[in-house]
Amino acid sequence: MMYGCKVCVVVGIALSGVLSFPSALKAALIYDEAVNGDLSGNHLSPTKLPDLTAGENEIHIIINNTELAADQVNKDLDYFTVTLPKNLSLTQLILKDYVLGDDAAFIAIQKGSIFTENPSFPNPSNILGFTEVGTNPADSVVNVGEDLLPLMGLNQNRPDLPNGYPSPNPIGFTAPLASGNYAFWVQQSSFTDPSTQITLNFVTASVPEPSLILASISAGILGTFFKKKTKPKK
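Under mature numbering (1 follows the signal peptide of the UniProt record, and there is no 0), the letters of the sequence shown match residues -27 to -1, 1 to 207, in that order.
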């Protein structure tokens, strides 16, 4: 009889689909400063955003700098924290939109629920990574439609950035980012165009439970075993 083999093959195919089927969910807007209020300006008390879900999660940031005098600006610093629940990973962080302001804004990421570094004298070696985003054509700036994570994760100082960021180096990372809390620091220092709008799209993917992986492997092994056992003799 071949029933055992068929059952195992079916189970293996089903589990394979569970492990590899990509999310087709429409992007969800989880925070909009125009609706939900200004993000925190305190690096030790970032705004806690809703937990990220599988698929696409968008946030809309509005930076309103106030010009105090010539070459002086009251910077609108934005800090927020996102949580990647267990069994989710951050595969991409897409700059979906960038409107007005200077041609580049600064975004940094740190592991944890707060941003430990004072913006006046940050220590890059305590920061997971950073980059600039905007409309600047430089290769070092992430433009609309592009993924921030590859440039953010570089473990090196960034003199290539339009505004320049000297050593020491940030910690660095390689995408995807694992589950946990991540704090973000966003700022734009323009004097001429004080208002900047940035839309970020956090793209996540499911990370299969070890038990599912084991079950899939076991199903494949059992399928091979039953196939050998039920192979007709010549």
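None of these hints come from the bench; they were simulated from the model.
Please read these numbers as outputs of a predicted model, since none were measured by experiment.
Mixed in with the good hints there might be a few duds.
[Unchecked claim] Lysine-lysine pairs mimicking DSS-like chemistry, simulated, CA-CA at most 27 angstroms apart:
{"hint": "1", "residue 1": "K21", "residue 2": "K84"}
{"hint": "2", "residue 1": "K48", "residue 2": "K(-2)"}
{"hint": "3", "residue 1": "K59", "residue 2": "K84"}
{"hint": "4", "residue 1": "K(-2)", "residue 2": "K21"}
[What the hints assert, rightly or not] Derived Cβ-Cβ restraints for the label pairs, each shown as a range:
{"hint": "5", "residue 1": "T64", "residue 2": "P23", "range": "13 to 23 angstroms"}
{"hint": "6", "residue 1": "A7", "residue 2": "N116", "range": "30 to 40 angstroms"}
{"hint": "7", "residue 1": "N37", "residue 2": "T108", "range": "36 to 46 angstroms"}
{"hint": "8", "residue 1": "E119", "residue 2": "A178", "range": "13 to 23 angstroms"}
Glycine is no exception: its CB is placed at the ideal position from the N, C-alpha and C atoms.
Now for the hints, and whether the structure bears them out:
For the hint pairing K21 with K84, the CA-to-CA distance comes to about 14 angstroms; that is within 27 angstroms, so the pair holds. Only pairs whose Cα atoms come within 27 angstroms are accepted, and K48 paired with K(-2) is rejected, the gap being roughly 34 angstroms. Between K59 and K84 the alpha-carbon distance is near 15 angstroms, which keeps this suggested pair within the 27 angstroms criterion. For the suggested pair K(-2) and K21, the alpha carbons sit about 22 angstroms apart, so the restraint of at most 27 angstroms is met.
Distance hint for T64 and P23: a CB-CB separation of about 19 angstroms, consistent with the stated range 13 to 23 angstroms. Between A7 and N116 the C-beta distance comes to about 23 angstroms, which lies outside the given range of 30 to 40 angstroms. The beta-carbon spacing between N37 and T108, approximately 19 angstroms, falls outside the hinted interval of 36 to 46 angstroms. Range check, E119 to A178: Cβ separation about 19 angstroms, and the 13 to 23 angstroms hint holds.
Checked against the numbered hints given earlier, the structure breaks hints 2, 6 and 7 and satisfies all the rest.
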